[in-house]
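Visitor: Heads up: the protein sequence lines correspond to chains V and U, in order. Count along the first sequence from 1, add 1351, and you get the number used in this note's numbering. Count along the second sequence from 1, add 1351, and you get the number used in this note's numbering.
Bear in mind the hints are in silico, worked out from the structure with no lab data behind them. Hints should not be assumed to be uniformly reliable.
Any copy, or any two copies together, can satisfy a pair, since identical chains are not distinguished.
[Stated by the list, open to error] Pairs of lysine-lysine residues, derived as DSSO-like cross-links and limited to a Cα-Cα distance of at most 27 Å, are as follows:
1. LYS1433 - LYS1359
2. LYS1485 - LYS1452
3. LYS1405 - LYS1452
4. LYS1485 - LYS1433
5. LYS1409 - LYS1588
Below, each chain spelled out in residue letters.
Protein chains: 2
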Amino acid sequence: MARVLKGKEVADAICERLAKQCAELKEGGVNPTLCTFRVGEREDDIAYEKAAEKRAEKTGVTLRRVVLPAEVTQEEFDAEWKRVNEDPAIHGILLFAPLPKHLDMERARETMNPAKDVDGITLSSLAGVFTNTKTGFAPCTAEAVMELLRHYGIPVSGKKAAVIGRSLVIGRPVGQLLMHENATVVNCHTRTQDVPEITRQADILVCAAGQMHCVTEEYTNPAQTVIDVGIHWDEEKGALTGDVDFARVEPQVAAITPVPGGVGSVTSSVLMAHVIEAAGRD
Amino acid sequence: MARVLKGKEVADAICERLAKQCAELKEGGVNPTLCTFRVGEREDDIAYEKAAEKRAEKTGVTLRRVVLPAEVTQEEFDAEWKRVNEDPAIHGILLFAPLPKHLDMERARETMNPAKDVDGITLSSLAGVFTNTKTGFAPCTAEAVMELLRHYGIPVSGKKAAVIGRSLVIGRPVGQLLMHENATVVNCHTRTQDVPEITRQADILVCAAGQMHCVTEEYTNPAQTVIDVGIHWDEEKGALTGDVDFARVEPQVAAITPVPGGVGSVTSSVLMAHVIEAAGRD
């Protein structure tokens, strides 16, 4: 039986700290404000928007929602995007991705005010992740993984970590964050041969493959901590699930995060931490 | 007996290609120009400056040298730095590092014109390396490693690569470049436990530890390609040498770069390639 590393406990601890910081900022006349920026009605976006709303309420962050119709023109999008990027009352912006195909994501990224990039999508933020300098913010999910490890006292320094996935949203950034904390890190990807042989050697396995239940017990070892970043809808069971086949893996490892209730629960708290930090830098 | 991967052959092939490109640019009225920027009289800097001069001559790149005395004030440095960064006739700048301690390297980095950053020291260039986009240029030595592998037809995609070192000058960038070419990469560093056990599993081993002869045969396997990025002065032998104990490693691996005459010889050619590319973007 593995130790199940629940996200709620971590999120609660972060939110408690943040509520104090937020109150202090407000006393000083600064009102930390996040703007969620959504185009269309994708279910995933709406779910994350709701989670953000709940966390904002808990921490005292003010939330402003921008919702544009899926058929918005590039010109209309650009105008609204410019407005929120220039609005001095907004400290952080969360842009839901992917955008509908007719809209230019690259342009949105390039024209984002880097100071408001609380989910690490601009080049400036990603440069900060790579160089380990406080330039911008890391993608929230990558940082949520680190918060979770820290909260549960899982040692990282000097340990071996394997990350399945190399996306800029999670795989590559979390690999860098782990290395900055002195883990020895390997990023596995679609072109990696014999992934299980590599991941079995790791003390920490971060699964960000984006494929339901692709990680089975043969990827793991009994001393391993498994962090599941995946989130999928299991049609058969009618429930959310992760990259990890929990039923098979959980009995074979030392610690594991559940889905739902694992990393995902921490992500929105990290988002609030970034908004409050951005507001504090103001 | 390993195949010895000499740098000269690679450098010559690159220079031949560059000479043509440079001639074409000149016909179009653009005169690709590199400015080397040196403070003081460090031997390493002067050696690299000379190598750059030779390559510039071979490829047709114009070289301008800035040499400031070691005791230059910050104000004097800043003024000259600003001048070359603003000079429209200069396409690329190579700043020799480290600077004397009384000068602010961070400020130099931050105020560098990213378009002229032909050795990948700005955040903008490093963001490009991390995100695999054509933003700026990779550090020349990291790219020289890739050129060498390409020239000698060493397969990278789907292979395992180990990098010893995680500096921003070479270890981390070369790890990313290898991953972009679909290798599965691990960066070992000072906090990695049992480095030889990890590096022995690699098809490609890049040694950028910065310690003379620290890599011995126990780090390798018989099918391995070993790329030595180190450069040290061996007092005993009165000769340049690398991170790899060549005499011990060479008989035990499939291919290996010598020092001198390996990666180092390719680096200055990559530098010229960057200058010509920067000039072409103009």
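Visitor: All the hints need checking, so say for each whether the structure fits it.
Guide: Status of each hint after checking the structure:
1. Taking the shortest Cα distances, LYS1433 and LYS1359 never come within 27 Å of each other, neither inside one copy (35 Å) nor across copies (51 Å).
2. Within a single copy, LYS1485 and LYS1452 get their C-alpha atoms only as close as 33 Å, which misses the 27 Å cut-off; across copies the closest is 23 Å, which meets it.
3. Taking CA atoms no more than 27 Å apart as the test, LYS1405 paired with LYS1452 passes in neither setting, with 29 Å inside one copy and 50 Å between copies.
4. When the C-alpha separation of LYS1485 and LYS1433 is checked against a cutoff of 27 Å, the pair qualifies both within a copy, at 25 Å, and between copies, at 25 Å.
5. Taking the shortest alpha-carbon separations for LYS1409 and LYS1588, neither the intra-copy value of 32 Å nor the inter-copy value of 68 Å comes in at or below 27 Å.
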